[in-house]
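Asker: Listed below are the residues making up each chain.
2 protein chains.
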Amino acid sequence: MSETQRTRKFWGWGYEGEGVPDAEVDSIGHDMLARFGVESQGISNPPALGSLDLPDAKLAPPSSLVALCSQDRRERAVHTLGKSYEDLVRGMRGDYRHAPDVVAYPRNEGEVENVLAWCAEVRAAAIPFGGGSSVVRGIEPDVGEEYAGAVSVDLRHLDRVLEVDRDSRSALIQGGVFGPHLEDQLKPLGLTLRHFPQSFEMSTLGGWIATRSGGHYATLFTHIDEFVEGVRAITPKGVYETRRLPGSGAGPDPARMLIGSEGTLGVITQAWMRLQDRPRFRASAPFEFEDFEDAVSAARALAQSGLWPANCRLLDQREALFSGAGDGTRSLLIVTFESADHPLDAWFARAAEICTGSGGTSPIELSGTSTAADAAHRGAAGAWRNAFIAGGHRHDAFVRLGLIMETFETAITWDRFPRFHAAVLSATEAAVRRACGRGVVSCRFAYLYPDGPAPYYTVLAQARPGAELEQWAEIKTAASEALIAAGGTITHHHAVGRYHRPWYDTERPPLFAEAYRAARGVLDPEGIMNPGVLVNQ
Amino acid sequence: MSETQRTRKFWGWGYEGEGVPDAEVDSIGHDMLARFGVESQGISNPPALGSLDLPDAKLAPPSSLVALCSQDRRERAVHTLGKSYEDLVRGMRGDYRHAPDVVAYPRNEGEVENVLAWCAEVRAAAIPFGGGSSVVRGIEPDVGEEYAGAVSVDLRHLDRVLEVDRDSRSALIQGGVFGPHLEDQLKPLGLTLRHFPQSFEMSTLGGWIATRSGGHYATLFTHIDEFVEGVRAITPKGVYETRRLPGSGAGPDPARMLIGSEGTLGVITQAWMRLQDRPRFRASAPFEFEDFEDAVSAARALAQSGLWPANCRLLDQREALFSGAGDGTRSLLIVTFESADHPLDAWFARAAEICTGSGGTSPIELSGTSTAADAAHRGAAGAWRNAFIAGGHRHDAFVRLGLIMETFETAITWDRFPRFHAAVLSATEAAVRRACGRGVVSCRFAYLYPDGPAPYYTVLAQARPGAELEQWAEIKTAASEALIAAGGTITHHHAVGRYHRPWYDTERPPLFAEAYRAARGVLDPEGIMNPGVLVNQ
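Chains S and P supply the protein sequences, listed in that same order.
Per this note's numbering, numbering of the first sequence is gapless, rising by one per residue and ending at 537.
Per this note's numbering, numbering of the second sequence is gapless, rising by one per residue and ending at 1537.
Next comes chain S alone, as it looks inside the complex (with noise of 0.2 Å):
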């Protein structure tokens, strides 16, 4: 179904009607007591709409986009907000002073093009909206004074796949689709993007592309930016609008500019991105490690192989637990082939050699390669991948028992990991330790590269009530502190927005800021595209 005819939530993850049910929610409570120690505060429920503290508009469409536009309390509401756990406390506290003014939902490039005209007409700033499921505050409508207010541009109408090419087994697509609606277009085909990030229901093709996404492939493509083999964006001064190639060396490669522009140089609106067939082979097996140190071992012998499995996440035990997925004594690392064109035998026996030679052993007996289509669901794989999935909604009900639970993660070379590791795992604990008494940090390997990790941590803590923002902050900043100053990035995947600018100002080089910036006021003159993101005017 499309994402035009259901209502959205203006506070967590998803639509009305959808969520954990209290029940369920208790006891997830119940289970992190038992597991970690941690307290939850009995559950509490969104705000109403009508008691949201949300500030009048100060800026209305003009007659002539007012059919395309929306000031309706509810709208504003659901796009002011991203879905980190500083939003969802926000958002529980009914804290939407920065909503935008408007919101419009241009219908094809050319309102695309109006609705930036009028922006910059009237000095008013452009946020580009795909999913809003950003949690770095990318989406968010904080632009300061100095604009005359924010528009809201949200891309949902832009949902189809326009053309097909079997042949090169690519298609060009809309920025706005989400992605099952996506997949929805393409599997009468037997094709598939096969772009999974942990949003994947509620979040867009142009979202993934200009945030630098990162997907379903844990080893080889990891992040949307390979699969775009074109793409397309209005800014404020014109379309911009890379060639459709498989591949060029002449010059810096133009598409590269917009991939992880996070909507500061224009809207992306549609892109050639390079497809899949549907896979029919699949070989997968977890691995159980009595120590992570090996468990790592196994991971990067894996990494460097050239095996490329799909999937290879390895849980450390905490993680493995937390999820469901182990009962906390043991490390995991989850290891999958896919393939539409070929058995895998040879690589699966070749990658559990790899495994078990570093200590590793597989709770389940090891099988070949299996074509059944749920072969992916099943075991503490599939424990683990459906906690994945409800991800979001799991994360709604940790922030409704009043426990502070979030992620961040990065990305280190091999060789730094272990002190790495433990520097940021400590200065994390410590951290934990301070703000809230008690808690739990744990950590699982998202993605894997011949020369390294990018490691993933979530924080799971007792809240205080009223405290859980200065709580979460002193959390994040040691964390984010430990992490940049050990040599890794302050995200791999999660972008920047205005959440993580003041690590990403200390790890990009100054004169790329600078030279950027430049960049921009070529194509933004006025500065109105998601000003405070990225970079500043």
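It is possible that some hints are incorrect.
Claimed, not checked - Heads up, simulated EDC-like pairs for lysine to aspartate or glutamate below, C-alpha to C-alpha not over 20 Å straight-line:
| no. | chain 1 | residue 1 | chain 2 | residue 2 |
| --- | --- | --- | --- | --- |
| 1 | P | K1237 | S | D505 |
| 2 | P | K1237 | S | E514 |
| 3 | P | K1058 | P | D1072 |
| 4 | S | K237 | P | D1505 |
| 5 | S | K187 | S | D167 |
| 6 | P | K1237 | P | E1526 |
| 7 | P | K1237 | P | E1111 |
| 8 | P | K1237 | P | E1109 |
| 9 | S | K237 | P | E1514 |
| 10 | P | K1058 | P | E1121 |
| 11 | S | K58 | S | D72 |
| 12 | S | K58 | S | D142 |
Stated by the list, open to error - Not everything, but these chain P residues come out facing chain S in the computed CB check (under 8 Å):
| no. | residue |
| --- | --- |
| 13 | D1415 |
| 14 | E1507 |
| 15 | G1521 |
Stated by the list, open to error - Derived coverage of chain P by chain S (criterion: at least 3 residues anywhere in the stretch with Cβ under 8 Å from a Cβ of chain S; other residues may be distant):
| no. | region |
| --- | --- |
| 16 | 1234–1240 |
| 17 | 1343–1352 |
Think of the hints as simulated: they come from the structure by calculation, not from any bench.
Predicted model, so just to flag it, every value in this text is computed and none were measured.
Heads up, the beta-carbon is just placed ideally off N, CA and C, and yes, glycines get one too.
Given the coordinates of chain S, work out where chain P should sit on it, guided by the hints.
Answerer: Just chain P now, kept in the frame of chain S:
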């Protein structure tokens, strides 16, 4: 042996004392007459150094830089021309009118800074120079009268591997290191960059990064881009250094702004590069096809199979004949797998199945994985490989024979390939007939992507003494216009330089050019870096 210890030729490929012996040049001439009906003009020899048309230097280095600069006639000549057909013909005519006024050989980054500072001060153009193998006039100091002169900045002294990280299989490597000297330094560690462009012997890491060079792997990691973990350049505004990371999603990738910048932003002095373990297992075979279309189908199926062969080069029947790998009746697809980790029987068996399923037959008995070190050097695959490596010297031989011989390369998606190929071939063949009367145009696939090939065309044609440059210009223009009109790129891996500007200017988004020019204005406010390349000042 390092580049500093031998004398570079000022005309042609490689070092003094090397090259194709006259008897062999003569025999190439006879072969070409027999195979393609083109007649040589007898063997010419390059002009003597003393007879070159080389202008007086307009500029002299300041006393602080004298020790690291040369104005020697030979050195200025060595740094004047690249290695394209056009360059070789101009060189043969003694046309060295664009010689740099000064050649600088900085020994460290501080000296690079000093050279650039001096250039900015006197408004001289600074041309980063690696191996001088450009075929797109990327290193030719043709900078126009508005500059006080031109300084070729030769990085040959920055030739060391500074640090190796065995765990991550990465190394910090200086930009001026030549291919063989780089591999010599890695070999004792069991590591290899495995980046083998045809220019390997006479090109440098910094040059590869600056030009988005295409390397060893026919699939998956085709360009040098994928191997850059972190990069550092000296710009006129200071150091531009990206963080060493296996992956990141923090804004547009700052490394990608330098990769492909062709010396227009600064001098690439070092990079952390992703390496490979030296392969132990190989499986390889050539497959012959009666019909080129069947070979194309097999190549496409292989590219989309997820098998990721290291080599997968398709030669049409004329290319096979031209390179001596076939008799001109059949197309040839050479498929090679290699691994440091595992035997390749399953990979190779499936690839062979794909090839034979498309009508291919192998002229050799198919065997499984070989661990022999020379496995890549045998049979038809070996013949083609040897011709490839000797390409630079052979190119010289064709020019000495007075034959037009040159290549051009591009990329296109699979769906458009048949019409694209027909259009490019017919436009180029028509131009060959118009300009030369006799000649041949052949095609190979240099690289394969799931969404399309990178076709590489070779032109051999009859030259008229004294008219060669006009003849070739007519052919090049016809080919370039056809491939741009049919949706291709003006270069998959030869770069843009000064030569490809007219077509590049059509290909890249106009707003990208404006944005890039603004970014460049920040890093190089005086506009001294390789002016005329990629964009105007």
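Asker: For every hint, state whether the structure bears it out.
Answerer: Taking the hints in turn, this is what the structure says about them:
With a C-alpha separation of about 18 Å, the suggested pairing of K1237 of chain P with D505 of chain S holds against the 20 Å cut-off. A distance of roughly 11 Å separates the Cα atoms of K1237 of chain P and E514 of chain S; the hinted pair therefore holds under the 20 Å criterion. For the proposed pair K1058 of chain P and D1072 of chain P, the alpha carbon gap of about 14 Å is at most 20 Å, so the pair holds. A threshold of 20 Å between alpha carbons decides the hint, and for K237 of chain S with D1505 of chain P the separation of about 18 Å falls inside it, so the pair holds.
At roughly 16 Å between alpha-carbon atoms, K187 of chain S and D167 of chain S fall within 20 Å of each other, so this suggested pair holds. At most 20 Å may separate the alpha-carbon atoms for a hinted pair to count; K1237 of chain P and E1526 of chain P meet this at roughly 10 Å. Simply put, K1237 of chain P and E1111 of chain P have alpha-carbon atoms about 14 Å apart, close enough for the 20 Å limit, and the pair holds. For the suggested pair K1237 of chain P and E1109 of chain P, the alpha carbons sit about 13 Å apart, so the restraint of at most 20 Å is met.
Distance check on the hinted pair: K237 of chain S and E1514 of chain P sit about 11 Å apart at the alpha-carbon level, within 20 Å; holds. Only pairs whose Cα atoms come within 20 Å are accepted, and K1058 of chain P paired with E1121 of chain P is accepted, the gap being roughly 15 Å. A threshold of 20 Å between alpha carbons decides the hint, and for K58 of chain S with D72 of chain S the separation of about 14 Å falls inside it, so the pair holds. Distance hint between K58 of chain S and D142 of chain S is fulfilled; the C-alpha atoms sit about 14 Å from each other, no more than 20 Å.
The restraint placing D1415 of chain P at the interface with chain S holds, with a minimum CB-CB distance near 4 Å, inside the 8 Å limit. Hint status for E1507 of chain P: holds, given a least beta-carbon distance of 6 Å to chain S, under 8 Å. This hint holds: G1521 of chain P has a C-beta 6 Å from the nearest C-beta of chain S, less than the 8 Å allowed. Figure legend: the region 1234–1240 of chain P, annotated as covered by chain S; annotation consistent (5 residues with Cβ-Cβ distances under 8 Å, at least 3 required).
For a cut-off of 8 Å, the count of residues in the region 1343–1352 of chain P with a CB near a CB of chain S stands at 4, and the three-residue condition holds.
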